[in-house]
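Participant: Using the hints provided, position chain W relative to the given structure of chain P.
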Amino acid sequence: MGKGFCALFKKDCRMLLSGKFFLMATGFLVLYTAYVNLGYIRFMQMPPYTVYLYDPAGTQTEKSPLLQTVSSMEAMDAALLSDANGVGLDASGGDVRVALYKGAEHVDRHRADYALSLLQPPVTAAPEVLGTNTPEQKARREITCELLFFELSAVGFLGIAAVLFKEKGMGVIRVHAVLPLRKSLFLLSKLAVFLLSDLAFASLLTLLNVGLAGGAAVLPAVLLQTAVLSLAMSLTGLLCALLLKDFRQFTLAYLLLAIFAATPVFLSANTSIKLDWIGCHPLYHVYMGLKNAYFGTAVSPIYYAGTGGVIALLFLAVRLAFRREIGKEG
Amino acid sequence: MIAVKDLTFSYGKDKQALHGLHFTVEDGEIFGFLGPNGSGKSTTQKILTGILRGYGGTVSLFGQDVSAARGQEFFQKTGVLFEFPYLYANLSAVDNLNYFASFYPKEQRRDVGELLDMLELKPGFLKKPVSTYSKGMRQRVSMARALVSNPRLLFLDEPTSGLDPSGAVLFRKIIAQERKKGTTVFITTHNMMDADLLCDRVAFISNGNLAALDTPRRLKEKNSSHRVVIDYLYQGQRKTKTLEARSLEAGLPFAHDEIISIHSQEPTLEDMFIQYTGRGLS
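Chain order of the listed sequences is P and W.
Residue numbering for the first sequence follows our numbering, beginning at 1 and increasing consecutively.
Residue numbering for the second sequence follows our numbering, beginning at 331 and increasing consecutively.
Same shape as in the complex, but just chain P:
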């Protein structure tokens, strides 16, 4: 059994190598890391809006250093014209007047309040800080979690299905039906290759983007959640590839998953949008499990029991579909 598994494992690795899967995964890792370190974190550290102040008489004494002073109303108009998200404060007439290009009402209110707050003295009573993460650490953990979730749910799902479609196309699945090996090993070796690849990817992504010390501290919990998501998505990918006729049908299933399954999870978990039914969405719980792992929050044992049950059911369904596939006509 061990020999058979090793042969299958080696062959699956070669299939992934020849399909340039590992190269693609490395490319994604470089891309995500560059995005986090060169784009996202810098963007998050920038002030939300540039505020321009016209105060010829110098009436505003408590102004913040974040304010940019302009010498005339014409200069302010020119600044707002080139920076449509900016906010202008005109203090030339005694009362401060806010000038901005109109957008969504709630955002405009936020922009105006933020601009006016820069004319107030800094808050002396420091708010209570929850958790030990700095804003940058928090941002790093959040974005790494989102990227890993996307990679595992969308890219991994696609990868395993692509390999199986290739084998279906070559007809070699039928040959395995008459080989002296336990048929489940054919599926288990694929799951093992993708699981190991996902664990390696998750480790590198976490260490490179959360930081060595912070990343290492949360890594065991992150890897556990990665294993849960990787197995669930790989099994779903296998099931789709076995049940669907061709790659075109699979692409539609992939779109459905990406749009209708992943989008509500991201919206619900990362924005103020409230969806009453999101608690019934299985991927939402998996996403929150991953997020909790990144922030060191404990996950309920019921969650592990549930995901374990789902993985076992998915495996049984895949095994059944696989047996059906090997009995098909050539």
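Fair warning: there could be bad hints in the mix.
[As the list claims (entries may be wrong)] Computed list of lysine-lysine pairs in DSSO-like fashion (alpha-carbon distance at most 30 Å, straight line):
id, chain 1, residue 1, chain 2, residue 2
1, W, Lys458, P, Lys168
2, P, Lys183, W, Lys407
3, P, Lys3, P, Lys183
4, P, Lys183, W, Lys457
5, P, Lys3, W, Lys458
6, P, Lys274, P, Lys291
7, P, Lys168, W, Lys407
8, W, Lys550, W, Lys510
9, W, Lys407, P, Lys166
10, P, Lys10, P, Lys138
11, W, Lys503, W, Lys465
12, P, Lys3, W, Lys457
13, W, Lys465, P, Lys168
14, P, Lys168, W, Lys457
15, W, Lys511, W, Lys407
16, P, Lys10, W, Lys511
17, P, Lys183, P, Lys10
18, P, Lys168, P, Lys3
[Unchecked claim] Covered stretches of chain W, going by a simulated chain P footprint (3 or more residues, C-beta under 8 Å):
id, segment
19, 373-385
20, 408-422
Calculated directly from the structure, the hints in this document are not laboratory data.
Source: prediction; values computed, not measured.
Note that CB positions come from ideal geometry on N, CA and C, so glycine has one too.
Facilitator: This is chain W only, laid out in the frame that chain P set:
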């Protein structure tokens, strides 16, 4: 080696594929299983190779019931050549064979290089990916895959499909060699020439029923008109006569100067196929 009794199989309520097949295949025999498309050939072969379950009747291989003998040992003793050359296109012939051979015990495996040499695969292609091979070359590698485990029972589905005439001759030679070694061969084919030249016995299957089973020679003899057609020259003229074979026992019963040819009117195996299955070859 193979004993099939009252074998039935249904793909659904109204899709009865096999209606009680009954036949045996002896050790070291080459057995041809012939029938038109959709007659139940593949279903029977899938049951015999342990792929399909849920059949009725009894099927025993190596003296053991197939339903009880699905373990690794069962598959170690059988080799299967499918109608299409199923191989990993990204791997070379050598890598494909090494991969498939790795599932069998070491002492049972044949040497991959020797096998490919026996199947006359061009040496320049041994390490090239299978995707660059012609259909005939792929069929040769597939045959090597079926033989690499030195099986005691070999299932061959359309073995010479996609081969040029010299390739077909080579395959027939290899199949005959396998039989000499004591391997039992179960051939499913549309190729009546293969069946006629190779098989000790053939079975015709039609609509899930066994229509006939005998040696190719006896099947042809049974249905022969026992007549001969003689072309001859007499007084400078070419003539033809059709006679009962028995009438030749006392010599040629007509005047002639020279016999040009004598043709027996024995039917071909293809004629028998059409007669028993009611359908021509597609």
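Participant: Would you mind marking each hint as holding or not holding in the structure?
Facilitator: Right, here's what the structure says about each hint:
no. : hint                   : verdict
1   : W:Lys458 with P:Lys168 : holds, 22 Å
2   : P:Lys183 with W:Lys407 : holds, 17 Å
3   : P:Lys3 with P:Lys183   : holds, 14 Å
4   : P:Lys183 with W:Lys457 : holds, 29 Å
5   : P:Lys3 with W:Lys458   : holds, 26 Å
6   : P:Lys274 with P:Lys291 : holds, 18 Å
7   : P:Lys168 with W:Lys407 : holds, 25 Å
8   : W:Lys550 with W:Lys510 : holds, 25 Å
9   : W:Lys407 with P:Lys166 : holds, 29 Å
10  : P:Lys10 with P:Lys138  : violated, 40 Å
11  : W:Lys503 with W:Lys465 : holds, 20 Å
12  : P:Lys3 with W:Lys457   : holds, 24 Å
13  : W:Lys465 with P:Lys168 : holds, 18 Å
14  : P:Lys168 with W:Lys457 : holds, 23 Å
15  : W:Lys511 with W:Lys407 : holds, 14 Å
16  : P:Lys10 with W:Lys511  : violated, 34 Å
17  : P:Lys183 with P:Lys10  : holds, 16 Å
18  : P:Lys168 with P:Lys3   : holds, 23 Å
19  : 373-385                : holds (count 5)
20  : 408-422                : holds (count 11)
Comparing the model with each earlier hint shows violations of hints 10 and 16; every other hint is respected.
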